[in-house]
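Visitor: Here's the letter readout for the chains.
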Amino acid sequence: MTIERELPDTERAPPELANLRIVPRNGRYRWIPIAIVIVLALMLLDGVVFNPRFEWGVVGSYLFTPTILQGLATTVWLTALCMSLGVLLGIVIAVMRMSPSRIVSGFARLYIWFFRGTPILVQLIFWYNLAALFPNLGLGIPFGPTLIEFRTNDIITPLAAAILGLALNEGAYMAEIVRAGISSVDEGQDEAARALGMPRLKSMRRIVLPQAMRFIIPPTGNETIGMLKMTSLVSVIALSDLLYSAQAIYSRTFETIPLLLVCCCWYLVLTSLLSVVQARIEAYYGRGATPVGTNQGDRT
Amino acid sequence: MSHLMVEARGVEKKIGHLEILRGVDFDVARGEVVSLIGPSGSGKSTFLRCINHLTKITSGYLSVDGELVGYQRRGNALHELSENETAAKRAEIGMVFQRFNLFGHKTALENVIEAPIQVKRERRSEATERARALLERVGLGHKADSYPSQLSGGQQQRVAIARALAMQPKLMLFDEPTSALDPELVGEVLEVMKGLVADGMTMVVVTHEMGFAREVCDRVAFMDEGRIVECSPPSELFDRPRTERARSFLAHIL
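Going down the list, the sequences are from chains A and B.
Those letters in the first sequence? Residues 47 to 346, per our numbering, in order.
Those letters in the second sequence? Residues 677 to 930, per our numbering, in order.
Be careful, since some hints might not be right.
As the list claims (entries may be wrong) - No more than 25 Å apart at the CA atoms, straight line, and that leaves these computed lysine-lysine pairs for PhoX-like:
id, chain 1, residue 1, chain 2, residue 2
1, A, K248, B, K765
2, B, K732, B, K690
3, B, K846, A, K248
4, B, K690, B, K765
5, B, K765, B, K732
6, B, K765, B, K846
7, B, K796, A, K248
8, A, K248, B, K732
9, B, K870, B, K846
10, B, K796, B, K765
11, B, K846, B, K796
12, B, K732, B, K870
To be verified - Coverage of chain A stretches by chain B, computed from C-beta distances (three or more under 8 Å per stretch; other residues unrestricted):
id, region
13, 95-108
14, 208-215
15, 248-260
Because the hints were derived from the structure by calculation, they are not lab data.
All values reported here derive from a predicted model rather than from experimental measurement.
In this text, a Cβ means the ideal position worked out from N, Cα and C, and glycines have one as well.
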């Protein structure tokens, strides 16, 4: 419905106004930040790349030496293993934390409280020295007879201590990430799944977790990158990861800085690869999340 | 085989000190379509959710097709069933939600085949074939590969109905299926529901669509303050309400 009103032409905008050209704001001072960045880049080039004291030649010569590559391999698989265990543990602890049973959720809280609340370095040394507290480890009935028993030092090798320490610690952090992800999925999703006859755990696995992944993946990417570098802590319990291998070399040759640079190069390569993998996974779990077609305004 | 599809006797639901249902008596015969109306907070949705045990009742007797839903009777007590046993009974009761609740990470087709494959262990090929037919039936055959976020509210709700039908339920529960829709989309969903009525599906519908209640329901139950105050054929309830509360409610909304 239009309302026709008689207005004198003098009060209407003249038609040629519709032809006015729109000129975007020109950034007259755009060149200032660009200039600053260029100057900084040149300073970096001069001070770092062309600085002979960085001994880039030495860095290059050690980049692919077998000791370093073996350390790199240890770092990579230790990260992968501890992270996988940490994620699985995190999911279990998160589901326990959300359990209606107070005892179950209380246990999960206690776990998270302890492993997030104490330094990882202390935890690693603790696991490494477990034999001092429990000379023997066994399965049995509390206060009752023991069924099987092992000498602690036979089981808890430096490697086992590293895996145990890193995975248990990571589990606590992952539990909170997974819990945040699960609570960000609308409750109606679980309700619909259960109305269709899915038991609680199946609904969790098929419906809720896949949608929680969208919220879980980015912080998990952070955690993985954190874990990659956290594995360098295992050098304190004499496990030869990337950093430990570099230390072993420079303690002989005194080429401290170049060898630490070798480490940094490899850590940067690995984190770059991880970022690419993370982007792929995010794209996979993001399916269905962005409206492509029209939406009628009934999404919240 | 029981003549009654839903039978409720003195169903009560308390949350803390709050009494949401205060003794609901209610029957739905096989093949009957009954709508639940009443002011908000009267317990309509809660009662509907009790029927498939999404909400646990505090006391009373509630059966679907002659069987208790979340419980098993032993002597004079009702024992709660295990998770899996309750799930198996829920699988026979379809439910459609106010906010659709389509699985956001699955396409329309995947939404429809999920439960038949995961719960009923149907073969993927069979489930897919039937799902395509169901989507066709709700007029969305061409949207099988769309994600819920790419569908309008009315289309999402129609997929949700197809998803519930894929389990071949003996009873369908609708919880305000058109309340979250833009006015111009309500009609397409009601059309699909009318189709179900024509096929003889037993349905319980919580709704604010008085036109739908009057036109297609066998009976209309008016709920207020946790009880069913009046339950009669629509012509009687809408034209000659017996109770004052039903009269004032209808006067407000009609």
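Visitor: All hints are to be evaluated individually against the structure, with a verdict given for each.
Guide: Quick rundown of the hints versus the structure:
1. A:K248 x B:K765: Measuring from Cα to Cα gives roughly 16 Å; hence the hint holds.
2. B:K732 x B:K690: 10 Å, holds
3. B:K846 x A:K248: Satisfied, since the Cα-Cα distance of roughly 23 Å is no more than 25 Å.
4. B:K690 x B:K765: Answer holds: K690 (chain B) to K765 (chain B) is near 23 Å, not above 25 Å.
5. B:K765 x B:K732: 14 Å, holds
6. B:K765 x B:K846: Within the cut-off at roughly 11 Å; holds.
7. B:K796 x A:K248: 13 Å, holds
8. A:K248 x B:K732: 20 Å, holds
9. B:K870 x B:K846: 16 Å, holds
10. B:K796 x B:K765: Status holds; Cα separation ~12 Å.
11. B:K846 x B:K796: 15 Å, holds
12. B:K732 x B:K870: 30 Å, violated
13. 95-108: Result for this restraint: violated, n = 0.
14. 208-215: Result for this restraint: violated, n = 0.
15. 248-260: holds (count 5)
Figure legend: structure checked against the earlier numbered hints; hints not met, in rising order: 12, 13 and 14.
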